[in-house]
Amino acid sequence: DAKTTQPPSMDCAEGRAANLPCNHSTISGNEYVYWYRQIHSQGPQYIIHGLKNNETNEMASLIITEDRKSSTLILPHATLRDTAVYYCIVRVSHTGYSTLTFGKGTMLLVSP
Amino acid sequence: EAQVTQNPRYLITVTGKKLTVTCSQNMNHEYMSWYRQDPGLGLRQIYYSMNVEVTDKGDVPEGYKVSRKEKRNFPLILESPSPNQTSLYFCASAGPMLDTQYFGPGTRLTVL
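The listed protein sequences derive, respectively, from chains A and B.
Residue 112 is where the first sequence ends in this note's numbering, and the numbering goes up by one at each step.
Residue 224 is where the second sequence ends in this note's numbering, and the numbering goes up by one at each step.
No wet-lab data here; the hints were simulated from the structure.
No more than 25 Å apart at the CA atoms, straight line, and that leaves these computed lysine-lysine pairs for DSS-like:
1) A:104 / A:3
2) A:104 / A:52
3) A:104 / A:69
4) B:169 / A:104
5) B:169 / A:3
6) B:169 / B:183
Build out the structure end to end from the sequences listed, making use of the hints.
Spelled out as structure tokens, the structure:
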């Protein structure tokens with residue numbers, strides 16, 4: 001699976017959009033971009049995933065660049081409860097061996 | 113409510129005393145997995161199971177055993193716990209497409 005690079009930490013004001021970047025320059029054509037988050041010591045929570053088109057669900061939007069070498073997770077109106085570590089993971093979907101390789105992620109702090 | 117449950121949530125034990133951490137999911141998922149999380153090392157996979165009676169080693173299986181006799185349950189067994197197994201443990205499950213994994217709330221284990 002391709003390696004990802006994320007900033008170690010980011011700050012965001014409550015109510016503003018949080019834009020979390022991820023670089024995955026070695027991504028291959030059949031690899032998807034997944035985002036999970038982990039609120040302090042709780043189990044990781046799936047947010048969204050995509051292959052090459054932008055995706056949106058009730059939690060967030062995922063913007064993938066045309067060359068697929070980077071992506072941005074957007075939380076449109078961040079709340080205090082969005083404070084968490086956000087993990088960007090690149091892996092082949094539908095694989096029989098399904099390890100999620102979590103890196104260090106980005107610690108997002110949402111402040112009042 | 114769809115969920116993954118783990119028990120116990122907290123456990124303090126002594127070296128060499130066999131213990132079992134239970135994991136159960138109510139989503140009829142075929143895939144289940146165990147991870148451990150340690151500061152600075154992130155989440156690492158211990159064992160996973162693609163179906164009943166089918167288990168395989170993850171990245172850090174030494175010192176652990178698992179069994180999968182029923183689809184809903186995937187217990188983690190430490191036959192002779194040691195202090196280096198002090199960690200936060202997560203169980204996870206996924207449906208047939210393996211696209212998203214659902215994590216349990218975690219079990220914090222301390223081995224003295």
